[in-house]
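The chain contents come next:
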Amino acid sequence: MSILVDENTKLLVQGITGNEGSFHTQRCIEYGTKVVAGVTPGKGGSQHLGVPVFNTVENAMAETGANASLLFVPPAFAADGILETIDAGMSLIVCITEGIPVLDMVKVHRYLKGKPTRLIGPNCPGVMSPGKCKAGIMVGEIHLPGSVGVISRSGTLTYDVVSQLTSLGIGQSTCVGIGGDALPGSTFVNILELFEADQDTKAVVLIGEIGGTMEQEAAEFISHKMTKPVVAFIAGSTAPPGKRMGHAGAIITGSAGKASEKIKALSQAGAIIAPNPAEVGLTTKKVLENL
Amino acid sequence: MKIHEYQAKALLAQYGIPVPKGKVASTPAEARKIATEIGGTVVIKAQVYAGGRGKAGGIKTVNSPEEAEKAASQLIGTRLVTHQTGPEGAPVSKVLVEEASDVARELYLSILVDGTSHLPVMMSSEAGGMEIEEVAQSAPEKIFRSAIDPAIGFQPFQGRKLAYGTNLDGGQVGEATRLMTNLYKLFIDKDCSLAEINPLVVTADKKLLALDAKLNFDDNALYRHKDIQELQDKEQEEPLEIQARDWGINNYVKMDGDIGCMVNGAGLAMAVNDLIQYCGGRAANFLDIGTLNNTERVVNSFKMFIADPRIKAVLVNIFGGMARVDVIAQGIVEAYQQMNIPFPVVIRLAGTNLEEGQRILAESGISFIQAKDFYDVANKVVKAAKGVTK
Chain A
1 MSILVDENTK LLVQGITGNE GSFHTQRCIE YGTKVVAGVT PGKGGSQHLG VPVFNTVENA
61 MAETGANASL LFVPPAFAAD GILETIDAGM SLIVCITEGI PVLDMVKVHR YLKGKPTRLI
121 GPNCPGVMSP GKCKAGIMVG EIHLPGSVGV ISRSGTLTYD VVSQLTSLGI GQSTCVGIGG
181 DALPGSTFVN ILELFEADQD TKAVVLIGEI GGTMEQEAAE FISHKMTKPV VAFIAGSTAP
241 PGKRMGHAGA IITGSAGKAS EKIKALSQAG AIIAPNPAEV GLTTKKVLEN L
Chain B
292 MKIHEYQAKA LLAQYGIPVP KGKVASTPAE ARKIATEIGG TVVIKAQVYA GGRGKAGGIK
352 TVNSPEEAEK AASQLIGTRL VTHQTGPEGA PVSKVLVEEA SDVARELYLS ILVDGTSHLP
412 VMMSSEAGGM EIEEVAQSAP EKIFRSAIDP AIGFQPFQGR KLAYGTNLDG GQVGEATRLM
472 TNLYKLFIDK DCSLAEINPL VVTADKKLLA LDAKLNFDDN ALYRHKDIQE LQDKEQEEPL
532 EIQARDWGIN NYVKMDGDIG CMVNGAGLAM AVNDLIQYCG GRAANFLDIG TLNNTERVVN
592 SFKMFIADPR IKAVLVNIFG GMARVDVIAQ GIVEAYQQMN IPFPVVIRLA GTNLEEGQRI
652 LAESGISFIQ AKDFYDVANK VVKAAKGVTK
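These protein sequence lines are chains A and B, in that order.
First residue of the first sequence: 1, per this note's numbering; consecutive thereafter.
First residue of the second sequence: 292, per this note's numbering; consecutive thereafter.
No wet-lab data here; the hints were simulated from the structure.
Each hint should be verified, as a subset may be incorrect.
[Stated by the list, open to error] Calculated pairs, PhoX-like style, for lysine-lysine (alpha carbon to alpha carbon, straight line, at most 20 Å):
no., chain 1, residue 1, chain 2, residue 2
1, B, K525, B, K545
2, A, K243, B, K545
3, A, K107, B, K481
4, A, K225, A, K264
5, B, K293, B, K505
6, B, K517, B, K293
7, B, K505, A, K243
8, B, K505, B, K481
9, B, K324, B, K361
10, B, K293, B, K525
11, B, K674, B, K663
12, B, K498, B, K312
13, A, K225, A, K258
14, B, K481, B, K517
15, A, K286, A, K243
16, A, K258, B, K545
17, A, K107, B, K476
18, B, K476, A, K243
19, A, K202, A, K243
20, B, K476, B, K293
21, A, K243, B, K324
[Said to hold, decoys possible] Chain B side only, calculated, beta carbon under 7 Å to chain A, not exhaustive:
no., residue
22, P441
23, G444
24, L566
[What the hints assert, rightly or not] Some chain B residues well away from chain A (every beta-carbon gap over 12 Å; in silico):
no., residue
25, P309
26, E357
27, G548
28, A574
29, F577
30, G612
For each residue, glycine too, the CB sits at the ideal point set by N, CA and C.
Work out the full structure, taking the sequences as your base and the hints as a guide.
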């Protein structure tokens with residue numbers, strides 16, 4: 001099993017005809033993902049990469065039965081694209097777009113309340129269930145099917161961690177990039193809940209970073225609700241306060257945002273902290289050997 | 292993005308929030324003229340992006356236009372060192388000349404977007420004039436919060452809660468609520484990431500006045516606020532960071548070490564800096580090269596390293612996903628062709644188009660140190676930096 005996406009995922013791509021949308025849709029199809037529809041307003045009725053394109057998400061869902069959406073819409077229009085997809089009743093939206101204004105995301109979160117939609121991202125690499133479905137921009141080849149769940153706020157750091165796992169023969173159930181923004185659609189806690197409930201996930205690797213309090217909330221969840229082991233690494237121990245380190249959410253504004261505070265909280269909650277980012281794979285290996 | 296206090300106060304005034312009478316001066320003579328216009332006791336405030344100006348001598352109260360000119364001349368053209376600047380300080384090119392206020396009480400008021408509730412939250416406190424994080428530590432019961440639903444906006448009951456929380460008396464609560472409503476409107480209209488009035492003072496004649504103000508803006512939303520973009524004062528930014536942006540490298544942060552870093556992805560770039568420290572070295576910068584389709588940004592990254600006299604060795608760590616390893620490799624070769632690289636370069640490549648990237652580096656004949664994985668690249672660059680004597 002896996003979480004969020006699997007062999008039954010029928011993917012819709014918003015912004016399929018754009019440069020990034022085209023490039024990554026092609027990669028998803030090559031990986032074996034069932035891409036059933038694309039949406040680009042004004043290009044409805046055409047075909048792109050062998051996929052039918054629609055003007056609206058509602059039409060695309062009605063015609064194709066799409067049950068997940070991957071979004072590449074430019075930042076100024078992305079929130080509107082997410083709102084449209086929530087309104088259409090989509091169960092999963094994965095938003096890749098980087099640079100969406102925070103106040104646009106405030107509206108999105110308000111609109112999400114009470115709706116059945118789960119949002120992953122924005123500003124994320126997407127969701128990957130190895131061997132089943134790639135709904136994102138991550139490198140397909142480095143993944144291996146298996147039983148370790150991966151959750152991360154980062155993209156390329158996750159690729160490195162996944163390739164460490166794969167080179168040690170440790171496969172992944174699902175890898176979820178929740179994104180580097182300050183207001184992510186799903187948090188560490190949301191995804192930890194899913195991994196805890198997933199029978200085929202035996203352990204979880206959590207890659208956090210400076211800024212916000214999501215890691216502390218994850219620590220709270222781990223200490224009270226999580227029975228599976230969690231291996232964690234927090235990036236940004238050497239980051240100066242008050243500086244935005246690439247990701248919109250990676251800025252230390254108070255003491256809770258520091259890496260040391262997050263590591264302390266996770267460690268006290270029983271998570272196993274990798275000593276450095278190059279040893280996340282080895283740390284996970286030891287944890288699995290002791291299960 | 293940050294702006295100066297005088298610019299923030301002009302925006303507050305536009306939104307009907309009372310601020311002290313004052314004007315900004317770029318020369319001591321201008322400061323004297325403004326002080327004459329205002330008359331009586333005035334306050335001369337150095338305009339820098341950093342906080343902590345009072346303790347650092349950046350705020351002076353004077354009693355005559357002559358003293359105003361003198362105080363301005365002691366500030367303009369100098370660098371102000373506060374606990375928020377580095378030891379190098381921040382350049383002062385302007386001072387705000389303001390009428391002195393007769394302060395009875397100092398309160399605190401701010402709005403920011405809360406990451407847990409995903410809503411703008413307004414905070415008030417009667418412990419104004421100090422940093423709110425200190426208050427949160429020492430007297431958390433003095434902080435009042437109210438989350439604002441964007442669908443209905445700021446409501447009068449929230450104003451009452453926040454105003455009564457600061458022990459304002461009945462007559463001032465209505466005025467405070469109007470001020471808060473206006474501050475929320477400004478926050479939303481201009482895509483602020485922080486709107487802070489600290490202190491919000493109650494004057495001796497019981498009026499509310501924004502004595503100091505800080506407005507920060509969401510970088511992602513600047514595209515729809517040309518007026519705000521124009522307020523940016525590049526002098527207040529780190530010169531290397533300005534240079535990087537001019538060369539198309541948006542995610543560059545100066546650090547305090549001697550190892551130049553070029554990485555793709557923000558999380559990986561942070562992790563590289565951590566790993567360098569783990570191996571006993573210090574990064575000179577954080578640099579996320581992002582996704583690129585051409586070699587220009589790679590060449591410009593090397594220009595950045597050459598422009599930075601502290602650099603003793605350079606680390607390149609690329610995990611190709613969206614970014615293609617062959618393009619990065621081509622960029623490195625071009626950098627070596629265009630300039631003399633005076634420091635050792637340690638390169639680790641992985642991911643999309645790796646073989647092609649390795650072939651390009653090997654066939655170019657350039658001299659570099661190859662690393663096989665994440666740990667190896669950090670370890671080797673730390674050794675290389677220590678081995679070089681400059």
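Here is how each hint holds up against the structure:
Between K525(B) and K545(B) the CA atoms are separated by roughly 15 Å; this keeps the pair inside 20 Å, and the hint holds. The suggested pairing of K243(A) with K545(B) holds, with an alpha-carbon distance near 10 Å, which does not exceed 20 Å. With a C-alpha separation of about 15 Å, the suggested pair K107(A) and K481(B) falls inside the 20 Å cut-off, and the hint holds. For a cut-off of 20 Å, the pair hint linking K225(A) to K264(A) stands: about 18 Å separates their Cα positions.
Taken as a hint, the K293(B) and K505(B) pair is honoured in the structure, with Cα atoms around 8 Å apart against an allowance of 20 Å. Annotation: proposed proximity of K517(B) to K293(B) holds, straight-line Cα distance about 14 Å (limit 20 Å). Taking the CA atoms of K505(B) and K243(A), the gap is near 17 Å; set against the 20 Å cutoff, the hint holds. A C-alpha spacing of about 13 Å is found between K505(B) and K481(B), which places the hinted pair at or below 20 Å, so the restraint holds.
Between K324(B) and K361(B), the direct Cα distance comes to roughly 12 Å. Compliance with the 20 Å bound is thereby established for this hinted pair. For a cut-off of 20 Å, the pair hint linking K293(B) to K525(B) stands: about 10 Å separates their Cα positions. Straight-line distance between C-alpha atoms of K674(B) and K663(B) comes to about 15 Å, which keeps the hinted pair within the 20 Å bound. Of the pairs offered as hints, the one joining K498(B) and K312(B) holds, with about 14 Å between alpha carbons and a cut-off of 20 Å not exceeded.
Taking the CA atoms of K225(A) and K258(A), the gap is near 24 Å; set against the 20 Å cutoff, the hint is violated. Only pairs whose Cα atoms come within 20 Å are accepted, and K481(B) paired with K517(B) is accepted, the gap being roughly 10 Å. Between K286(A) and K243(A), the direct Cα distance comes to roughly 35 Å. Violation of the 20 Å bound is thereby established for this hinted pair. Restraint check for K258(A) and K545(B): the C-alpha separation of about 18 Å stays at or below 20 Å, so the hint holds.
For the hint pairing K107(A) with K476(B), the CA-to-CA distance comes to about 15 Å; that is within 20 Å, so the pair holds. Of the supplied pair hints, the one linking K476(B) and K243(A) is violated, its CA atoms being roughly 27 Å apart against a limit of 20 Å. For the proposed pair K202(A) and K243(A), the alpha carbon gap of about 37 Å is over 20 Å, so the pair is violated. Our distance criterion of 20 Å between C-alpha atoms is met by K476(B) and K293(B), whose separation comes to about 19 Å.
Restraint check: the Cα-Cα separation between K243(A) and K324(B) comes to about 38 Å, which exceeds 20 Å; the hinted pair is violated. The closest approach between the C-beta of P441(B) and any C-beta of chain A is roughly 5 Å, which is under the 7 Å cut-off, so the hint is satisfied. Of the supplied interface hints, the one on G444(B) is violated, with its beta-carbon coming no nearer than about 12 Å to a beta-carbon of chain A, more than 7 Å. Using the Cβ-Cβ criterion of 7 Å, the hint placing L566(B) at the interface with chain A is satisfied: the shortest such distance is roughly 5 Å.
Every beta carbon of chain A lies more than 12 Å from that of P309(B), the smallest distance being close to 26 Å; the non-interface claim holds. Residue-level check passed: E357(B) sits 38 Å from the nearest beta carbon of chain A, beyond 12 Å. Not every CB of chain A lies more than 12 Å from the CB of G548(B), the least distance being 9 Å, so the non-interface label is violated. Residue placement check: A574(B) does not keep its beta carbon more than 12 Å from all beta carbons of chain A (closest about 7 Å).
Interface exclusion of F577(B) from chain A breaks down, the closest Cβ pair being 6 Å apart, not more than 12 Å. With a cut of 12 Å on Cβ distances, G612(B) falls inside the contact zone with chain A, its closest approach being about 5 Å.
The structure does not agree with the numbered hints 13, 15, 18, 19, 21, 23, 27, 28, 29, 30 stated previously, though it agrees with the rest.
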